[in-house]
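**Student:** All chains, please: the whole structure from these sequences, using the hints.
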Amino acid sequence: MSEQVSMRRMMVVLLVAGALSLGACASKKPKFVPAPGPNAAEAGAQGSGANSANAGGGDEETEGPQGGMLATRLVYFDFDSSEIKGQGTDVVGAHAKYLASHGSARVRLEGHTDERGSREYNIGLGERRAQAVRRALLLQGASEGQISTVSYGEERPAVPGHDEAAWAKNRRVEIVYLTPGPAAAPAAAPKQ
Amino acid sequence: MALSRESHSHSWRRGARLVALALALAAAAAARADLKIEITSGVRDPVPIAIVPFTPSAPADGGLDVAGVVQHDLEGSGRFKGLPRDRMPATPTQADQVVAAAWKGAGSDYVVVGRLSTLANGSVAVDFDLVNALTGTKVVTQRFVGSTSALRNAAHRVSDVIYQKITGVRGAFATRIAYVQVDGTPPSQRYRLIVADADGANQHLVLESQRPLMSPAWSPDGLWLAYVSFETKHSAVYVQLVRTGERRQVSARAGVNGAPAWSPDGHKLALTLAGTNGNLDIYVLDLETQTLSKLTDDPAIDTEPAWAADGRSVYFTSDRAGSPQIYQVGVQPGARPKRITFGGTYNARPQMSPDGSLLAMVTLDGSNYRIAVQDMASGAVRILSHGRLDESPSFAPNGATLIYSERDGNRGALGTVSTDGLTGLRLNATEGEVQDPAWGPFGP
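Those protein sequences? They're chains D and F, same order as listed.
Sequential numbering of the first sequence, starting at 0, is according to numbering that gives the first Met the number 0.
Sequential numbering of the second sequence, starting at 0, is according to numbering that gives the first Met the number 0.
Don't read these hints as lab results, they were simulated from the structure.
Hints should not be assumed to be uniformly reliable.
[Said to hold, decoys possible] Here are some, though not all, of the chain F residues that point toward chain D, as calculated from beta-carbon distances under 10 Å: (1) 63; (2) 144; (3) 185; (4) 345; (5) 352; (6) 361; (7) 381; (8) 385; (9) 404; (10) 409; (11) 434; (12) 435.
[Claimed, not checked] Derived CB-CB ranges, DEER-like: (13) 137(D) x 329(F): 50 to 58 Å; (14) 96(D) x 187(F): 28 to 36 Å; (15) 140(D) x 187(F): 33 to 41 Å; (16) 80(D) x 297(F): 34 to 42 Å; (17) 120(F) x 59(D): 33 to 41 Å; (18) 96(D) x 343(F): 40 to 48 Å; (19) 160(D) x 343(F): 38 to 46 Å; (20) 355(F) x 157(D): 39 to 47 Å; (21) 185(F) x 77(D): 55 to 63 Å; (22) 62(D) x 292(F): 53 to 61 Å; (23) 158(D) x 292(F): 38 to 46 Å.
Beta carbons are placed, not taken as given, at the ideal position from N, Cα and C, and that holds for glycine.
**Tutor:** This is the structure in structure tokens:
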């Protein structure tokens, strides 16, 4: 109840504040110390390979295939390891097969670590895991344009908790299906 | 528009505007939470000092207890012990009213007295005297003038002067910290980038997101924060003017965009990029020309750049030798990295002290991740923190203290520790978890 009230009040504050500060900043545009460059919306499109992590099409998530092993979207890892093993091998194999036979399907591989150690170094470890899955998918017939990666390091745990049981669930790569893009390379088109 | 540019409410509105424009409006419901401070480790031979309540406050000061803020600052440094008010022999407000013998008798080496007054233009003056109770002599008298909303900052400046006069080291109370507050339970968490006074009070929301925010880094002039945001579902580095909320995306290249660190001249950012093949290396981005130069080139993870004070080299974490260790590389073309840490199997997240004498880092101590400093002259390493999952060390601009994140039971908290390891504080959020602190530079 009080949550509701405070939420509503905050919305009002936000709306009023937005209006106020739009008025306030129109005349006094703060100056960026270095040379004025492109604004936030455009800056990303500058420079080498900007935003090309988004392999074509939009970035909207979709349910993706559901049958059998394809319903499993999580690949788990040992501590300080990016080796795909056990059930993870089968999960990756199933998704590789699906991607190879559905050229317009696209996935984003989200790499994660447990909370131990330094944050940005963990971004590196999460990226290493996402790349391990990416390479395994490519080796089994998926194509480059179907796959993007992102590493969240320790920033987005799957489960709370600060013991080995929680850490084991948090050391993972999530395979996230995105809305289909243009069909990938003809070689990957279904043949059956 | 009659807004004071420095006022608390103004910054809050700007932060809110940003949320409204850039991110989900409905996400902004939570109240701001205070940070609570507790002293976690001992104080050795603190200087006894009496900080007498300042004269009746100006009408528009919001009732701020300036002497209370000063006492809180000084005691939190571990180098002072304040005299409880109920043991004060008198309540002088001018140096010439201080009867030295009475204060010496109460056990104080120093007495601070002060007064607030409202000036004709509406601003508030804070005058104070620091008196040596052993000799009866006045050590310093000073005045700070500002708007009523800046009164807390004036109190911190009083603390800075007292600290410097008595310890010989510049105080860092009138500085700010940035940190990330996380609310909610995985996998549905909310991330807020917050700027507060160094004592955790006076919080301003900088940015809020449903996706992670991390690695805030202050520009050397204290006006900008660089940080990493995943709001687009990929990592990107932004720079944002703290006072107004205006921001720019400066790197959203394929793969990892992380670990921004401003060069000492404020013109460049060191950062970590990985490209589509996922190999993390350190780059330097010139903010004026947008040119990018590559600083490291190794198949290992190279990340967490930290500039040397002279801007001619960068320290970074690399696992090129198998486990993460700290290296240094010159910024000139063709420079070869040199390994800096050799003890143990995990040394990461380097930060240099302002005078270049100490390297702070996260080190694996048994099965615990802790904050350590390496003496750059002798190579000796000293472990300063006592937690299980300590990380993200950041030096105060006077080099006397480090702030870092720790896990207090199941809660993420911020800790501070003096670089001699003797004094520790903990700043706990009253709600949510706090992490990833960055201590800002001295103000103007």
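**Student:** Hints first: check each against the structure and report whether it holds.
**Tutor:** Checked hints:
1. Because the smallest distance between the Cβ of residue 63(F) and any Cβ of chain D comes to about 23 Å, over 10 Å, the interface hint for this residue is violated.
2. Of the supplied interface hints, the one on residue 144(F) is violated, with its beta-carbon coming no nearer than about 24 Å to a beta-carbon of chain D, more than 10 Å.
3. With a cut of 10 Å, the hint placing residue 185(F) at the interface with chain D holds, because the nearest CB-to-CB distance is about 4 Å.
4. Given the 10 Å rule on beta carbons, the hint for residue 345(F) holds: about 7 Å separates it from the nearest Cβ of chain D.
5. Evaluation of the residue 352(F) hint against chain D yields a violated restraint, the C-beta minimum of about 18 Å exceeding 10 Å.
6. Restraint check, residue 361(F) versus chain D: the minimum CB separation of about 5 Å is within 10 Å; hint holds.
7. The interface hint given for residue 381(F) is broken, as the beta carbon of that residue sits about 19 Å from the closest beta carbon of chain D, more than 10 Å.
8. Checking residue 385(F) against chain D by beta carbon gives a least distance of about 16 Å; that is not within 10 Å, so the hint is violated.
9. Interface restraint check for residue 404(F): the shortest CB-CB distance to chain D comes to about 9 Å, inside 10 Å, so the restraint holds.
10. Hint status for residue 409(F) relative to chain D: holds, with the closest Cβ pair at about 6 Å, below 10 Å.
11. Hint on residue 434(F) holds. Least Cβ distance to chain D is approximately 8 Å, under the 10 Å limit.
12. With 10 Å as the threshold, the beta carbon of residue 435(F) comes within range of chain D, its nearest partner Cβ sitting at about 6 Å, so the hint holds.
13. Range check, residue 137(D) to residue 329(F): about 37 Å between beta-carbon atoms, so the 50 to 58 Å window is missed.
14. Distance hint check: the CB atoms of residue 96(D) and residue 187(F) are about 32 Å apart, consistent with the given range 28 to 36 Å.
15. Remark: the range hint 33 to 41 Å for residue 140(D) to residue 187(F) is upheld by a beta-carbon distance near 35 Å.
16. A hinted range of 34 to 42 Å for the beta carbons of residue 80(D) and residue 297(F) is inconsistent with their spacing of about 20 Å.
17. Between residue 120(F) and residue 59(D) the beta carbons are some 56 Å apart, a value that contradicts the proposed interval 33 to 41 Å.
18. Taking 40 to 48 Å as the suggested C-beta distance range, the pair residue 96(D) and residue 343(F) conforms, at roughly 44 Å.
19. Against the hinted window of 38 to 46 Å, the Cβ-Cβ separation of residue 160(D) and residue 343(F) comes to about 27 Å, which falls outside the hint.
20. Separation of residue 355(F) from residue 157(D) is about 41 Å and conforms to the stated range, judged on CB atoms against 39 to 47 Å.
21. In this structure the hint that residue 185(F) and residue 77(D) lie 55 to 63 Å apart at CB is violated, the actual value being about 21 Å.
22. Taking 53 to 61 Å as the suggested C-beta distance range, the pair residue 62(D) and residue 292(F) does not conform, at roughly 43 Å.
23. Our hint of 38 to 46 Å for residue 158(D) and residue 292(F) holds, since their Cβ atoms are close to 41 Å apart.
Violated hints, listed in ascending order, are 1, 2, 5, 7, 8, 13, 16, 17, 19, 21 and 22; each of the other numbered hints is respected by the structure.
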